[in-house]
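Got chain A sorted already, so can you dock chain B onto it with the hints?
Residues per chain, in single letters:
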Amino acid sequence: MLAYIDPGSGSLLIQAIIALFFGAIFYLKASWRKFISLFSRKKDTSEDKSDG
Amino acid sequence: MKDMNQVSSSFRDPAGFVFVKDGTVYRQINKEYEHDYRKLMDSGLYEALTKKKWLVCHEEVDITRDELAYKIIRPQQIPFISYSYEWCFSQLKDAALLTLDIQELALRFGMSLKDSSSYNIQFLPKPIFIDTTSFEEYEEGSAWVGYRQFCRHFLAPLALMSRCNIYLNKMLTSYIDGIPLDLASSLLPARTKFNISLLSHIHLHAKSESFDGAQKPKKYKVSKLGLLGIIDNLRSCVKRMQLKKAHSSIWSDYYEKELNYSDEAFTAKKEIVAEMLKSISSQSVVDLGANRGIFSRVASEMGIFTISSDIDPIAVERNYLEAKAKKRDHLLPLVVDITNPSPGIGWENEERESFFTRAPETTALALALIHHLVIANNLPFGKVAAFFSRVCQHLIIEFVPKSDSQVERMLRHRKDIFGFYTADNFEADFAKEFTIKRTVPVEGSNRVIYLMERK
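Taken in sequence, the protein lines are chains A and B.
Using this note's numbering, the final residue of the first sequence is 52, and nothing's skipped along the way.
Using this note's numbering, the final residue of the second sequence is 1455, and nothing's skipped along the way.
Pulled out of the complex, with its shape left as it was, chain A reads as follows (with noise of 0.2 Å):
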């Protein structure tokens, strides 16, 4: 699809290099918090049974 501003070549190029960094951080960051938020559930869980 092409757009109507022009959105620069070269942009587009620092865009798909820069991409691949901070993607994989970016996957990296939600990887992380998915298992944090893994022990988090299996703690609230455990509280739960624990008031039960």
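It is possible that some hints are incorrect.
[Claimed, not checked] Capping the alpha-carbon separation at 25 Å, the derived lysine-lysine pairs in DSS-like fashion look like this:
1) B:K1432 <-> B:K1455
2) B:K1021 <-> B:K1031
3) B:K1193 <-> A:K29
4) B:K1224 <-> A:K34
5) A:K29 <-> B:K1224
6) B:K1239 <-> A:K29
7) B:K1239 <-> A:K34
8) B:K1039 <-> B:K1224
9) A:K29 <-> B:K1221
No lab work stands behind these hints, which were simulated from the structure alone.
For chain B alone, coordinates are given in the frame of chain A:
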């Protein structure tokens, strides 16, 4: 359509345009944009965006249209269109964050922003996106078309304001499509090259612009994860940006230092302003020289839409943060220098109108302002009166006499060429343009507040 005036800024995007009919703003959506418009409406994105108050809501209307039209919509009306060079730092920052939030949400619904201009954002007093035709269907693997525009319109001015000088967003009046990245890169301190975000989005981005890909068009693939990564990084970069501590000013401390007013005079002044505003039942108010907006709030709390303008970006910053925190829906703080207001810029100097072309011609508040215009800026009373008669119907203006400590301070180091600066001459010159309705001395001070009506 004879009675339909296309808005002068609305010509770039073939998806549609904005026009004004009988005082109401409408947007024509062209047939060319039908597919994307349907996707916006049917995918649930429109509902999600308007529910969060991120995008103006609209209704489809059945009015005259040209042969290109697919639909005409009437969007939520915005009381005043302001531009990024009139915003304080936090307004620009919030507008940037909203653009990123919207792009992220759009991707989730299979759409993407096809532009990311700062002109798509307005304030009520929180930022809101006004361009319903900015969304396009997202194609897997495609880059974010608006990325460069985002960096020029938001990231570059924010970085310059926080790392160099708060006044540098004024460069946006010279560069209608945002600050060129090579210029931003050359102005930013060298140490910003050690910041991975600024290195990528500004310095390397600027270098890449000299790369000419025109000989061999190539499609660069960017995964969705990559796009989300870029958005995430831009967001944390913008969030971390702060003004330098040194950026405080005389004006923002004006009230704290209590240079000119006793508490009694301050309360009295508020009451006078409130009473005068009640007596004229104004639809809107433009407060000129509002500082942190203490007196603008007198108007906005009465439910009157109030533009609270001041020359000082820190005073406006405080005003905006307070307005946002207290949800003051009728207050719009803006940075405006009355002695050099935002000019008309862009194509034929009409694409973005000057501040006073846009400002509502109703009531002006000019409290503790006259001495700055006449003494600090050497303007004769006649010129000031003529100016006010062009910009407002009603004028609430305070006369600050020479005996006032503030005026004495102004004249301390300069020749007093202002023999004409008396209340009598002030009244005589203003009486040529206005009918003086009321004159009320401010108790506890030697100042006087006038209510005037244009002849």
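**OP:** Report the numbers of all earlier hints that the structure fails to satisfy, in ascending order.
**Re:** none
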